[in-house]
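Undergrad: Let the hints inform the model, and build the full structure from the sequences given.
Here the protein sequences come in this chain order: C and E. With the first letter of the first sequence counted as 1, position 155 gets the number 155 in the working numbering; the numbers rise by one all the way through. With the first letter of the second sequence counted as 1, position 75 gets the number 75 in the working numbering; the numbers rise by one all the way through.
Do not take every clue at face value.
[As the list claims (entries may be wrong)] Between beta-carbon pairs, the in silico distance windows are:
1. C/172 / E/214: 52 to 62 Å
2. E/173 / C/214: 56 to 66 Å
3. E/214 / C/321: 30 to 40 Å
4. E/57 / C/30: 33 to 43 Å
5. E/351 / C/292: 42 to 52 Å
6. C/356 / E/210: 50 to 60 Å
7. C/321 / E/57: 43 to 53 Å
[Unchecked claim] Listing some non-contacts, in silico: residues in chain E with all C-beta distances to chain C over 10 Å:
8. 11
9. 106
10. 165
11. 178
12. 189
13. 291
Quick caveat, the hints were computed from the structure, so don't treat them as lab data. Here a beta-carbon is modelled for each residue, glycine too, at the ideal position from N, C-alpha and C.
Number of protein chains: 2
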Amino acid sequence: MSMTGPAAIPLSMLLVFVAAKVMAEVFERLNQPGIVGEILAGVLIGPSVLGWLGPNEFLAALSDLGAMFLLFRVGLEVKSSELMKVGGTATLVACSGVVVPFLMGWGILLAWGEPSNEAIFVGASMVATSVGITAQVLAAKGLLHEVSSKIILAAAVIDDVLGLLVLAVVSSLTHGKLNLAQLGTTAFLAVAFTVIVAKWGTHAMERFVPHVERHLKLGEPQFVLSMAMLFSLAVLAVWIGVAAIVGAFLAGMALAESTGPRLRHLSNGVAELLVPFFLAGIGLHVELSAFSSGRNALLALIILVAAMVSKFIGCGLGSWAMGKSEALRIGVGMIPRGEVGMVVAQIGLGFGIIRQHIYGVVVFMSVATTIVAPPLIKMVYRGVKPVLAAEPAAAEEEVFRME
Amino acid sequence: MSMTGPAAIPLSMLLVFVAAKVMAEVFERLNQPGIVGEILAGVLIGPSVLGWLGPNEFLAALSDLGAMFLLFRVGLEVKSSELMKVGGTATLVACSGVVVPFLMGWGILLAWGEPSNEAIFVGASMVATSVGITAQVLAAKGLLHEVSSKIILAAAVIDDVLGLLVLAVVSSLTHGKLNLAQLGTTAFLAVAFTVIVAKWGTHAMERFVPHVERHLKLGEPQFVLSMAMLFSLAVLAVWIGVAAIVGAFLAGMALAESTGPRLRHLSNGVAELLVPFFLAGIGLHVELSAFSSGRNALLALIILVAAMVSKFIGCGLGSWAMGKSEALRIGVGMIPRGEVGMVVAQIGLGFGIIRQHIYGVVVFMSVATTIVAPPLIKMVYRGVKPVLAAEPAAAEEEVFRME
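TA: What follows is the structure, encoded as structure tokens:
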């Protein structure tokens, strides 16, 4: 199958999108979350099974954009004031959810007889939560308005900042000198960026959006402003050191209270098209080097179980004061590692600290946690009444404008 | 400005999107079509002026997708039965709109003293109409329901098939042997594909869409089916030899009568995001080699005027029976060459038949016709009452679903 020439773009769109949706349908029919099907579709068409497609730059770009629009859309449903309220618990959840997985990953690799630096990197790759997966499941089930959901979202954002620091420390420890001043600056900037946008972004947009609406002459002013916010906060986030999706989430949250249903319609369209590329993109990265030997396959399974148990215990402990059932939900909701764990492992691979078969173990852990988590999330939220955020019918007829 | 690393994707999205929209706003305030501003934004940030960005694979992919969604969205507003009704006139318009520009371009280059093969290729590059630009202007002004608009759309589709044949003939004449059997097969396949989808696509979808809606369990079944149609018809179109956007347009038209407002909301979102990349992407290709000498700059201006006059005369003559004002509109609406002319010139460049400075002339002609046409289109449609295709408020509250 030729993947170059003028048909390359629509052909790879077709393959990934249709594979993801066919598998989503299969999983829905099995009463399982469709999201798991979409991730597995990537595994299926990817290099490790059918080999129709491998990860490439174009698909990686669509996957990045898909993750950004997923988090932007979730941000649009969340009030920053409510997220700030759970900030204390979320910080606790994030911190203990970082410490326990790191120690467990490090310890297991050491006990397995691997080099100390490699053990440190594997521990670091188990730290960060992939908030996209959980957010998608919660949003689809109409559960974003639960307190536990807000704690998960806030903790995942804090997690990203902590993960950045852990990665910086780990890279310095294993690869160079630890520059405390630089680390302090990075930490300060990351926290300042997140807190400032979360705290004053909504207020600023409440003043700015009506102004833009009144004075701009081009079509869809809210959408145009929102995309500018989304991409500029994503760029800022990356420059500061946190993930682009954190910027996208903050952009959505800043706009949540000042924008109307039309923006939600339009950005939902983009998300519907691109999120399957994010999900299948995770699956595309699966490779079989983790299973090159029986011993390594066993390690992969142990690390997977440790990744699940450690986040569950760490985050559950951090939210124990909220009561057992909330702690259970938060512990399960923080399990998926997704693309974040892979990035850390890739850096270790680039440094020559992580070897290929251990890289395979981390990738397996990252993908498998995202596949295992959605059914568990569904289970622990069973019986909770969904609050579906309606897209209210527009008061006036919306006109088909193109400019 | 670094265009690699994790910020590359959101940064280039930000630059192109915001530049396009700022320029659109400027042009709207000058009472000019915003679309011209979006194309000029590409010229401005591109290599020939500010040099912030050049054409690259990622932007080219977004531009291709933008053009597909533009035509898909237009297709959704057009009934295939109405398009078939104007098929006779449209064929006449397309044919005379191919012959006159070809002869004029060829003649001018010969008179200018250029080699005969190069003259043939320049003539061929003046043949095809870029339907995207005109369709966008007509849709924005609510004029898609005019008879002249339908003739323009149908003629542009036929134009694309004719352009394919002209390119095949020209390539064989200048570069190899003319294989009549192969040419016949290509022509037959292209015509068969277009006619079959246009004639029976709507009917097939009217049976298929309700079935899919009833039986699929995943979210947004209409959107999922539509994307599958869009991408598969785009792939088929390319494989057969016509442009991907022809497939996208046919997909939209096939779905026009069986899908609801929700699909329009969602695909409008994708189009709002991506169409600026198509428009600015045209501008990004402008290069200054056309103006390397005074003599060449003069040729560029002559070719631009010839491109406009020849399409205007050719298409106007083909639709003369419709009355003077309709012929005027059709003649003007077929002027933009956009990306299609550039593709032909690139092939000539690849064969070594077109030299760099003549390539620059064709690129200038392609971009300049797309910039000049929208104000002219606005002018010739002055006084025509717009029929804005409403996006009717959904009967029931649409629910925020993510899966």
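Undergrad: Decide, hint by hint, whether the structure agrees.
TA: Against the structure, the hints:
no. : hint                      : verdict
1   : C/172 / E/214: 52 to 62 Å : 59 Å, holds
2   : E/173 / C/214: 56 to 66 Å : 59 Å, holds
3   : E/214 / C/321: 30 to 40 Å : 48 Å, violated
4   : E/57 / C/30: 33 to 43 Å   : 38 Å, holds
5   : E/351 / C/292: 42 to 52 Å : 48 Å, holds
6   : C/356 / E/210: 50 to 60 Å : 51 Å, holds
7   : C/321 / E/57: 43 to 53 Å  : 51 Å, holds
8   : 11                        : 5 Å, violated
9   : 106                       : 26 Å, holds
10  : 165                       : 17 Å, holds
11  : 178                       : 23 Å, holds
12  : 189                       : 15 Å, holds
13  : 291                       : 30 Å, holds
Going down the numbered hints, you'll see the structure goes against 3, 8, while the others check out.
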